[in-house]
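Please build the complex by placing chain U on the supplied structure of chain F, with the hints as guidance.
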Amino acid sequence: MAKVESSFKNMVLTLFIITLVASMALGGIYTLTKEPIETAKKAAQEEAIRQVIPEFDALKESVVDPVDGSEPLVFNVGYKDGEKIGTAVLSYSNQGYDPTTIKVMVGFRPDGSIYNTAVVQQKETPGLGTKMELPSFRDQFKGKDPGKFDLRVANDGGDVDAITAATISSRAFCAAVRRAYQTYKNEWEDEK
Amino acid sequence: MNQWLNFTKGFIRENPVFTLLLGLCPALAVTSSAFNGLGMGIATTFVLMSSNMVVSVIKNYIPDKVRIPSFIVIIASFVTIVELVMQAYAPSLFKALGIFIPLIVVNCLVLGRAEGFASKNSFVSALIDGLGMGLGFTFALTLLGAIREMLGSGSLFGYTLVSGDMILVFILQPGAFIVLGYLVAMFNKIKKSA
Numbered sequence: 001m002a003k004v005e006s007s008f009k010n011m012v013l014t015l016f017i018i019t020l021v022a023s024m025a026l027g028g029i030y031t032l033t034k035e036p037i038e039t040a041k042k043a044a045q046e047e048a049i050r051q052v053i054p055e056f057d058a059l060k061e062s063v064v065d066p067v068d069g070s071e072p073l074v075f076n077v078g079y080k081d082g083e084k085i086g087t088a089v090l091s092y093s094n095q096g097y098d099p100t101t102i103k104v105m106v107g108f109r110p111d112g113s114i115y116n117t118a119v120v121q122q123k124e125t126p127g128l129g130t131k132m133e134l135p136s137f138r139d140q141f142k143g144k145d146p147g148k149f150d151l152r153v154a155n156d157g158g159d160v161d162a163i164t165a166a167t168i169s170s171r172a173f174c175a176a177v178r179r180a181y182q183t184y185k186n187e188w189e190d191e192k
Numbered sequence: 001m002n003q004w005l006n007f008t009k010g011f012i013r014e015n016p017v018f019t020l021l022l023g024l025c026p027a028l029a030v031t032s033s034a035f036n037g038l039g040m041g042i043a044t045t046f047v048l049m050s051s052n053m054v055v056s057v058i059k060n061y062i063p064d065k066v067r068i069p070s071f072i073v074i075i076a077s078f079v080t081i082v083e084l085v086m087q088a089y090a091p092s093l094f095k096a097l098g099i100f101i102p103l104i105v106v107n108c109l110v111l112g113r114a115e116g117f118a119s120k121n122s123f124v125s126a127l128i129d130g131l132g133m134g135l136g137f138t139f140a141l142t143l144l145g146a147i148r149e150m151l152g153s154g155s156l157f158g159y160t161l162v163s164g165d166m167i168l169v170f171i172l173q174p175g176a177f178i179v180l181g182y183l184v185a186m187f188n189k190i191k192k193s194a
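Residue numbers (my numbering), protein chains in the order written: chain F, 1 to 192; chain U, 1 to 194.
Quick caveat, the hints were computed from the structure, so don't treat them as lab data.
None of the hints are false.
Over 12 Å on every C-beta distance to chain U, these chain F residues come out as not near it, computed from the model:
1. P72
2. P110
3. G147
4. R152
Covered, in the sense of this in silico footprint (three residues per stretch, anywhere, with C-beta under 8 Å from a C-beta of chain F), are these stretches of chain U:
5. 67–78
6. 168–174
Simulated DEER-style distance windows between Cβ atoms:
7. F:A43 <-> U:G154: 31 to 41 Å
8. U:V105 <-> F:A43: 24 to 34 Å
9. F:V74 <-> U:K189: 54 to 64 Å
10. F:T101 <-> U:V162: 26 to 36 Å
11. U:L172 <-> F:D156: 20 to 30 Å
12. F:T31 <-> U:G154: 41 to 51 Å
13. U:M186 <-> F:S62: 55 to 65 Å
14. F:V12 <-> U:V106: 21 to 31 Å
15. U:Y89 <-> F:L20: 22 to 32 Å
Note that the Cβ used here is the ideal one computed from N, Cα and C, for glycine as well.
Just chain F, with the same shape it has in the complex:
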């Protein structure tokens, strides 16, 4: 078959048909995948909560406004046999490398020390900033009481060893943990 001629009518028509088919296909796929994506995100969030607080049998979600008036944080308090055993705080920092937003789940024991941390979302440099997900970096926060442990990287005078060649990413991670702690501490003192 001969090739279609490049007349104005043909060009407009071709582009119209191609974009129409493409947008219908994308719209269809978007609708089909919307629900599974939500489910997958929710599952990932629950998985993160499970990682950062001790084993629980019930969860209570609440939204807490931080002291400095920035975006509210989501708290998930875990209970076992009716007793509070930990609080998972979904915190964030907008100071990732580039700059991007990183989201960190921070789990606190009822005494205010950090149980564990988990990275929920990050777009850091592959092979450098992405190392914040590895236990080798996150383990230094385990069991620390942020009241005594300075949540800043060593370069800034704190107690955190930054990831080699990814100081900005490490700083963002610390900022997210600090935000979680300050908000948590405020809530916790209100309770007492």
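Same frame as chain F, now just chain U:
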């Protein structure tokens, strides 16, 4: 055209990265480890095959003057579909590769094959070309990633080979250029002697 030659040309003779020097942006940006290179390569292979197939089927209906915008719309649609489907049904894979997927749109290799091969050849040839070129690209990225990971982190596919600090520059951007330069020289040598 001999389909076997068509398939194998992507590995050495017309390797997208080492010989045609196409798609260098993702090749330099994501190959800080072997796994990253492999993942990016596989995602690109899928998009390359899909877009090559579609372009070879509709090539006669597209007026010459609007072929580039048409190809770009087709490629971008496939990339978005891959991203959404992966996010929905393979969240762990998406977590590892998600950041690379949008980069495929700007990979000139995909547009280059659509324009230079699929728009002039039959459906079967275009499909095989897409598969061969995609796997050649995957091979190049994995090799680049493996060398950089071994020299820079002392590991391969995440398994530690040597512990302790390594030559960090190979993980950083300058290392990508240095390793790529030596590999291009090596492939030129191989091609000449072959």
